[in-house]
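Engineer: So you can see what is in the structure, the chains are spelled out below.
Protein chains: 2
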Amino acid sequence: MNMELWYTEKQTENHGITTKITDTLYSEKSEFQQIDVITTKQFGRMLVLDGMVMTTDVDEFVYHEMISHIALNTHPNPKKVLVVGGGDGGAIREIVKHAAVEKAVLAEIDGGVIESCKKYFPEIASALTGNPRVDVQVIDGIKHIHDHKGEYDVIMVDSTEPVGPAVGLFEKGFYQGIHDALKPDGIMVAQTESPWFNRDLIKRVFKDLKSIFPVTRLYTCSIPTYPSGLWSFTIASKQHDPLEVDPAKIKDLGTKYYNAEVHHAAFKLPNFVAELTRD
Amino acid sequence: MNMELWYTEKQTENHGITTKITDTLYSEKSEFQQIDVITTKQFGRMLVLDGMVMTTDVDEFVYHEMISHIALNTHPNPKKVLVVGGGDGGAIREIVKHAAVEKAVLAEIDGGVIESCKKYFPEIASALTGNPRVDVQVIDGIKHIHDHKGEYDVIMVDSTEPVGPAVGLFEKGFYQGIHDALKPDGIMVAQTESPWFNRDLIKRVFKDLKSIFPVTRLYTCSIPTYPSGLWSFTIASKQHDPLEVDPAKIKDLGTKYYNAEVHHAAFKLPNFVAELTRD
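Residue numbers (full-length UniProt numbering), protein chains in the order written: chain A, 1 to 279; chain B, 1 to 279.
The set of hints was computed from the structure by calculation and includes no laboratory data. Yeah, the Cβ is synthetic: ideal placement off N, Cα and C, and Gly gets one too. Keep in mind that the hints are not guaranteed to be accurate.
[Unchecked claim] Label pairs and their computed distance ranges (CB to CB):
1) B:Ile212 <-> A:Lys238: 49 to 57 Å
2) B:Lys207 <-> A:Gln137: 48 to 56 Å
3) A:Lys210 <-> B:Asp246: 30 to 38 Å
4) A:Ile139 <-> B:Asp246: 23 to 31 Å
5) A:Asn2 <-> B:Pro122: 42 to 50 Å
6) A:Asp252 <-> B:Pro132: 48 to 56 Å
7) B:Gly164 <-> A:Thr22: 26 to 34 Å
8) B:Lys251 <-> A:Lys238: 49 to 57 Å
9) B:Val167 <-> A:Thr12: 42 to 50 Å
10) B:Leu5 <-> A:Ser30: 29 to 37 Å
11) B:Met3 <-> A:Pro132: 13 to 21 Å
12) A:Val58 <-> B:Leu253: 51 to 59 Å
13) A:Lys210 <-> B:Asp279: 43 to 51 Å
[What the hints assert, rightly or not] Calculated cross-link-like contacts (lysine-lysine; reagent style DSBU-like; alpha-carbon spacing at most 30 Å):
14) A:Lys20 <-> B:Lys10
15) A:Lys183 <-> A:Lys203
16) A:Lys172 <-> A:Lys207
17) B:Lys251 <-> A:Lys268
18) A:Lys256 <-> B:Lys207
19) B:Lys249 <-> A:Lys268
20) B:Lys80 <-> A:Lys41
21) B:Lys29 <-> B:Lys149
22) A:Lys251 <-> B:Lys251
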């Protein structure tokens, strides 16, 4: 075929990215969403759910390292960790790099995401098979946290955008449920979209979490295939503060983005982002 | 007109952005390059030179603050400042916020850029007219620095991509010329493209500057309309180190991105960026 094919994602009503593709490897409508796997020239293989880029071979390390290591290095002894969503397995792969972790549970509602990632993103999904510390469950995360009160040291909300199956994962009631599923010194972290394009959402989530947890902080990182290229996470904690972590105690786990300096610098927000955390 | 018009920029051979437009305000081929001004829904007015986004109403503050304030706050008394390129005037606008600055010279090769920005981006170009501390020259920056040895405290290279009229602004000989146009404690800073897409260029520029200046450092910021959304600047200094600036001494100049914490955090690089600065 001599046609040039480009995949274009409208990331907002008025703006998006366009990227050259060489292959469509997989395309299926699961019970929950449309799952597509394409091969791009710039970013390697790309997972697209309901028309939104979830992860790519080239830049996946940023999101997966940054959702995982800040919370795990803030908790002094994270034995039991839950990922809600995250069916690609990237967060789980980072979590099991921490020796303290005895059990990493994945609660992903869509088994189709898990299976397609095992097949087409073997490096991202590497920890989902054959790892005795990993427990993969195809289940609604909201139900899972309801059934596991006071069990977890760290819970990560690795969700899609707040449309479709993930809507409930951005609601205050869900955050209260996470609070209750955490141990008395537990920590949660959630992906909270772009500080450029999703300002109202970030403000609302921050306010909701602040009303539930004593410590709530916003941090950012650079993800080129995500809307605006700047992405935010909100971390909320019952006791431990990510800003009080001693950089000298952060171990080198072979990461490509995260390091002891990035741990702290990620919380130093530009003024237009910092204002989202103020009442 | 009921057609939906979208402007698509191929930022690399294989990837780009696409953005909805409502107007083409200006389109002209100058002696040096194609100049277009369009109105976008997401980012307001957008200046496009030779098919590449230079600046937009919505995100311009990031680039202009971040090319200016780090160098100006690193120099203890920046009296005379030169901008090479930067015909939109955004860097000059930030520079004159510093009370120490007595003279800010703009050396822009293309008078067409200056005139179209005065007309279509009045807020960005605000300091280009009627400011006695500002000297706007339509001249080749390479010639200007050659004729002004040892004159400047700070020189900023606010160039387009290293194609067309800006090729010479990424060459080692030019950096040596800047070195010679600086006073004995002078500082230079240059925009050096994306750490995701322009890795060889960043490495080369860093190495070249390190061979000329005793202090050379790389820093980044988030610019959604630039390739990958992550942008780099390289700062090189004869004496003063941006890392040694006391945050308590950084004045609030009403910036929207830059602040005392960002000043230092911008230099804390993710591993995949930090490696570009190592031999």
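Engineer: Does each hint fit the structure? Answer for all of them.
Structural biologist: Against the structure, the hints:
Between isoleucine 212 (chain B) and lysine 238 (chain A) the beta carbons are some 52 Å apart, a value that agrees with the proposed interval 49 to 57 Å. Remark: the range hint 48 to 56 Å for lysine 207 (chain B) to glutamine 137 (chain A) is upheld by a beta-carbon distance near 50 Å. Taking 30 to 38 Å as the suggested C-beta distance range, the pair lysine 210 (chain A) and aspartate 246 (chain B) conforms, at roughly 31 Å. Taken as a hint, the range 23 to 31 Å is violated for the pair isoleucine 139 (chain A) and aspartate 246 (chain B), whose Cβ atoms sit roughly 52 Å apart.
One distance hint, 42 to 50 Å for the beta-carbon pair asparagine 2 (chain A) and proline 122 (chain B), holds here, with the actual separation near 47 Å. The hint said 48 to 56 Å for the Cβ distance between aspartate 252 (chain A) and proline 132 (chain B), and at roughly 54 Å that hint holds. Between glycine 164 (chain B) and threonine 22 (chain A), the C-beta spacing of about 30 Å keeps the proposed range 26 to 34 Å intact. A beta carbon spacing of about 38 Å between lysine 251 (chain B) and lysine 238 (chain A) contradicts the range 49 to 57 Å that was offered as a hint.
Distance hint check: the CB atoms of valine 167 (chain B) and threonine 12 (chain A) are about 35 Å apart, inconsistent with the given range 42 to 50 Å. Evaluation of the 29 to 37 Å hint for leucine 5 (chain B) and serine 30 (chain A) yields a pass: the beta carbon distance comes to about 35 Å. Restraint check, methionine 3 (chain B) to proline 132 (chain A): a C-beta distance of roughly 59 Å breaks the suggested window 13 to 21 Å. Between valine 58 (chain A) and leucine 253 (chain B) the beta carbon distance is about 37 Å. The supplied range of 51 to 59 Å is therefore violated.
In this structure, lysine 210 (chain A) and aspartate 279 (chain B) meet the distance hint of 43 to 51 Å, their C-beta atoms being roughly 45 Å apart. Taking the CA atoms of lysine 20 (chain A) and lysine 10 (chain B), the gap is near 10 Å; set against the 30 Å cutoff, the hint holds. A hinted pair counts as satisfied when its Cα atoms are at most 30 Å apart, and lysine 183 (chain A) with lysine 203 (chain A) qualifies at roughly 26 Å. Among the hinted pairs, lysine 172 (chain A) with lysine 207 (chain A) is consistent with the structure: their alpha-carbon atoms are about 9 Å apart, no more than 30 Å.
Distance check on the hinted pair: lysine 251 (chain B) and lysine 268 (chain A) sit about 17 Å apart at the alpha-carbon level, within 30 Å; holds. Distance hint between lysine 256 (chain A) and lysine 207 (chain B) is fulfilled; the C-alpha atoms sit about 22 Å from each other, no more than 30 Å. About 17 Å separates the Cα atoms of lysine 249 (chain B) and lysine 268 (chain A), which keeps this hinted pair within 30 Å; it holds. Straight-line distance between C-alpha atoms of lysine 80 (chain B) and lysine 41 (chain A) comes to about 46 Å, which puts the hinted pair past the 30 Å bound.
Of the pairs offered as hints, the one joining lysine 29 (chain B) and lysine 149 (chain B) is violated, with about 33 Å between alpha carbons and a cut-off of 30 Å exceeded. In summary, the hint linking lysine 251 (chain A) to lysine 251 (chain B) is not supported, as the alpha carbons are separated by about 36 Å, beyond the 30 Å threshold.
Violation of the numbered hints given earlier is confined to hints 4, 8, 9, 11, 12, 20, 21, 22; the remaining hints are satisfied by the structure.
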